[in-house]
Amino acid sequence: MELQKFQYDNKTVKMFAYATILWGLVGMLVGLIAAIQLYLPAANLNLPYTTFGRLRPLHTNAVIFAFVGNGIFMGVYYSLQRLLKARMFSDLLSKIHFWGWQLIIVLAALTLVLGKTTGKEYAELEWPIDILITLVWVVFGWNMFGTIIRRRERHLYVAIWFYIATFVTVAMLHIVNSIEIPVSFWKSYSWYAGVQDALVQWWYGHNAVAFFLTTPYLGLMYYFLPKMAQRPVYSYRLSIIHFWALIFLYIWAGPHHLLYTSVPDWAQSLGVVFSVMLIAPSWGGMINGLLTLRGAWDRVRDNVGLKFLVVAVTAYGMATFEGPMLSLKNVNAIAHYTDWIVAHVHVGALGWNGFMTFGILYWLIPRLFQTKLYSEKLANTHFWIGTLGIVLYAVPMYWAGFMQSSMWKDFTPEGQLKWQFMDTVTKMIPFYIARSVGGALFLVGAILMTYNLIKTIKVGTFLEIEEDQAPALVGEYQSHSKDHWHRWIERKPIQLMIVSLVVVAIGGLIEFVPVFLVKSNIPTIASVKPYTPLELQGRDIYVREGCYTCHSQMVRPFRSETARYGEYSKAGEFVYDHPFQWGSKRTGPDLARLGGKYPDSWHYNHMLDPTSMSPGSVMPQYPWLLEDQLDANSTMSKIKAMQRLGVPYPEGYDKIAINDMEKQAKEITANLKKDGIETLPDREIVALIAYLQRLGKDIKSEGLKTQK
Amino acid sequence: MLMNNFNKIKSLAVVMLIPAVGFCQEQTTKESSSYFTNVLFLTLLVTIIVLAIVIVAFSSVFKNIADSDYLTSKYSNKKEDNSSTMRNVTTVLLMLSSFAMMSQEKVVAIAKVDDGRIGGLDQFTFYFMLAIVFIELVVLGLIIYQFNFLVKTHTVVEATSKAKKVESKIIMSLTDAVAVEEEESIMLDHDYDGIKELDNNLPPWWKYGFYLTIVVSVIYLFNFHVLGTGDLQTKEYEKEIAQAKLEVEEFMKTSANNVDESTVKLLTDASDIAAGKAVFIANCAACHGQLGEGTVGPNFADEYWMHGGSIQDIFKSIKYGWIEKGMKAWKEDLSPMQIAQVTSFIKSLKGTNPPNGKAPQGDLYMEGGAAPISDSTAVIGDSLAIQIKADSLKSTAAATVTTAKK
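If you're matching them up, the sequences are chains A and B in order.
Take the first sequence: its letter number 167 is residue 167 in the numbering used here, and every next letter is one higher.
Take the second sequence: its letter number 137 is residue 137 in the numbering used here, and every next letter is one higher.
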């Protein structure tokens, strides 16, 4: 057979590597600032753009989609070409992919700080960017499949199965979760409402973890770990089982983010059991990684990249064991809404994704630049600082989460709550400080790495043209009788993609369809009415400011919660919530039953300076809400959009909505005046007060009536 | 006591295993079973047990290596060290368990005092269990450290073959793996950019663990959704509320705390007023001002009241709130006694004329009899005296609670 010569595209790999480092530093820095703001709210410099509610989505989007995203593409572009013995399909597509992705990141950063957000976690980006993401993702898939079709290797290696599953599943998740009705160019409403929105969102959110942070990185592990250790992969059979089991089971586990909420019991239980069943498939990846190192542990000592990988795989094992434990309802009852969850995700993010990326960079950059790493010693320092950073980050957060949850649940023997919410907040401060120190160490490590790699790059010369050769694939494959049955699908990339799609589609379908079609899953409550125009505008301000990053709107059926907040939340209360705002973290108290709890003037003063109304508060000040004028002109299009989503405003209400809005605003202004506060009815604060005073009231009044 | 001794003996038998078992047995016999419905307790207990099992597993593996023929023959001098470490670890474990035994009695005694509960556990139990977890972690760390040390000695001194035999013994029995030096026999003909693949069996513990999770999942779903034997969340909630109601009623029967809007009397004791003031500053001052001068909420120092100015009316306003006017109900946050205290404190503010007083709201209220106003205003000035008195009251109250519970 004739050997064909070809060249690898190293340039795109290099660019993705640079982007990974750059966005990694940015994302971690933003995270650090957000962490500091939790004990020093003034660290936002009193600017709307840098408040916690806007920085937190910026941090999560930056580290997930910018840092890890570019890391994925770096690793895929490097490994795919070599595993297939082929150059990337099209240099143009590679270019579009690279620059398109960077454009998305820049747009994301700009829009998020400007408060343009859909209010759905990890899917905050507005609809024009959503469309752009879809297009760039298709370009990535096109380029990948083009390369696969032109391959010179008959069978696809396990890493590529993971890449393919990642491609189809992320496409599915992104499209389904991002269905929204545009109101204007930078504003849209989620197509789903309340319980349905929550279910779709956490199906997406959980599987963003699964198929953006996990499966592609498992693929990278399967390439870079045996490469670095120069050892054969431990078990081919284990890779097959754990691959299919992982992608099938993962999809179902989304509802474990919604335990004890208003999501139907059966859906919650599915979330629990599928999470429990995920332990083994997740650990399959860890085992296959660690046991590949059998007989090569001495190399771990000498190879700093491998060292990072070992910690990464171990962190993966820890996080994927803890995840199922947190999905048990009784554990979740303690951990949910607390910093325990923050600790959990950071073991995965800092340990698994962070360390894996660092390990690959330390191995890859010297290879791309045909030189040795500038300083092994510095890299080792990075390793220890990073590890210390993770520990210092995680331990205080575990402790804090557990402590705060216990305090929330404490009752005196007389049957009263023992602690005011504020007591539990002030107790968190030392832990928040310790956490930011851990985060800072991790960032310092990353900076050391950047310096080390820049020095390496300066010394070396970039390997622009890397030649390789392999025989072309000709004719049909003659299968051997002793071939494993799975070898068939490894020769058929399109079939592999289709089967993956079917496997990942099942879980979502089974969970969604009944919730959308069977009425008993969301019992209607007659007293629940659509928001008034002013409340709707106020709600959009709530979404814009990212209030959901610190406040939940979901009272769980626990004594400690109904005593603190009021009647537990019912599914029927959220039917007009596009999007739902249940939140996932209680840095501040739950707001589901806030309406009517305090006077209007309390809210006014609280937004101006939270500590004036609740001493010790770590909420930032929102003085601009008192100054800024509400965009009243948008009311008509907002009401129209809501009508299209099925919210039962009367026919033609969009045209007169603005009158109702002004009327309600005047009432609130008059109310404020009674308490000595002069404000104009067209200020944003008025709309926000209207919304906050509405929260949870629909069934509150009902409840009072039945009591009488 | 006999029971106690019996427990001690029994626990000593399983001493290596779970110091916590003895601990919770004690709890069941002496206390109510309520600890077993406490999530925090169960979580800690499970952590303790799991860690203990891990420790035992690790130390037995460790002991196996330390005692393996390979080491005996090759490094007979080293073996001494290793077994002595083993002895050390065992001693630590024994000490740990006897510590557990000793403390049990303390727990029972101390568990009666109910202040400072953490997650429904009294502080001692909580910190005690936390301490066990911590000590277990330390022991585990020591074992792993020793284990590492042992494995390192191998790799440093020994080239490959013999050392791997030891590794194989442990790992292979767990993983059902083919030994590294024989792996050519299971090497597949796959070659991806130089990466080869072995065809090792699925590790048995992994495979059966996977089956186990599937079985558990099926049982879980059956329990909650087919047989309906498990409580779904609404039912669980109703039970929790009913249970809490019972407990509170039980407590209130014997408590001096049993006041409501019909039985409340004006408290004139300086310590009560001081306690009321503390509650006021913490909870009410944000809306009513530090001196009750009124900000968002009305002024308390004048003679005008929106919802009645009698002690009963004010008590009621605090307890149930006036939701539509922005006054929340405090009955879930404050005990009846605390509401009575803060009501009395508010009554004492009349005529104090704080600066920046808010204009009067509501109707003029005239006291029926002569309330001891002058008395309590004098008391406010003398905050130091109040402080001391309040402290002494606290301890007496605690004492009352303890005796009441007995």
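Keep in mind that a hint or two might mislead.
[To be verified] If you want the ones that stay clear, here's a sample from chain A, every Cβ over 12 Å from chain B, calculated:
1. Ala-42
2. Trp-266
3. Ala-335
4. Gly-596
5. Arg-644
[Claimed, not checked] Distance ranges between label pairs, derived from CB positions:
6. B/Gly-362 x A/Ser-612: 17 to 27 Å
7. A/Val-391 x B/Lys-325: 33 to 43 Å
8. A/Glu-627 x B/Leu-246: 33 to 43 Å
[What the hints assert, rightly or not] Partial selection, computed: residues in chain A whose CB lies under 10 Å from chain B:
9. Leu-270
10. Tyr-451
11. Val-503
12. Ile-506
It is worth saying that the hints were derived from the structure and are not from the lab.
Glycine included, C-beta positions come from ideal geometry on N, C-alpha and C.
To see whether the hints hold, each was checked on the structure:
No beta-carbon of chain B is positioned within 12 Å of the beta-carbon of A/Ala-42; the least distance is around 20 Å. A/Trp-266, annotated as away from the interface, has a beta carbon of chain B within 12 Å; the closest lies near 6 Å. Once the 12 Å rule is applied to beta carbons, A/Ala-335 is inconsistent with being away from chain B; the minimum gap is 10 Å. A/Gly-596, annotated as away from the interface, has a beta carbon of chain B within 12 Å; the closest lies near 5 Å.
In this structure A/Arg-644 is separated from chain B by more than 12 Å, as the shortest Cβ-Cβ distance comes to about 34 Å. At about 25 Å, the CB distance of B/Gly-362 to A/Ser-612 agrees with the hint of 17 to 27 Å. Take A/Val-391 and B/Lys-325: their Cβ atoms lie about 51 Å apart, and the range 33 to 43 Å is violated. Between A/Glu-627 and B/Leu-246 the Cβ separation comes to about 53 Å, which falls outside the hinted range of 33 to 43 Å.
Of the supplied interface hints, the one on A/Leu-270 holds, with its beta-carbon coming within about 8 Å of a beta-carbon of chain B, less than 10 Å. With a cut of 10 Å, the hint placing A/Tyr-451 at the interface with chain B is violated, because the nearest CB-to-CB distance is about 31 Å. Nearest Cβ of chain B to the Cβ of A/Val-503: about 17 Å, over the 10 Å cut. The hint is violated. A hinted interface residue such as A/Ile-506 counts as satisfied when its beta carbon comes closer than 10 Å to some beta carbon of chain B; here the least separation is about 16 Å, so the hint is violated.
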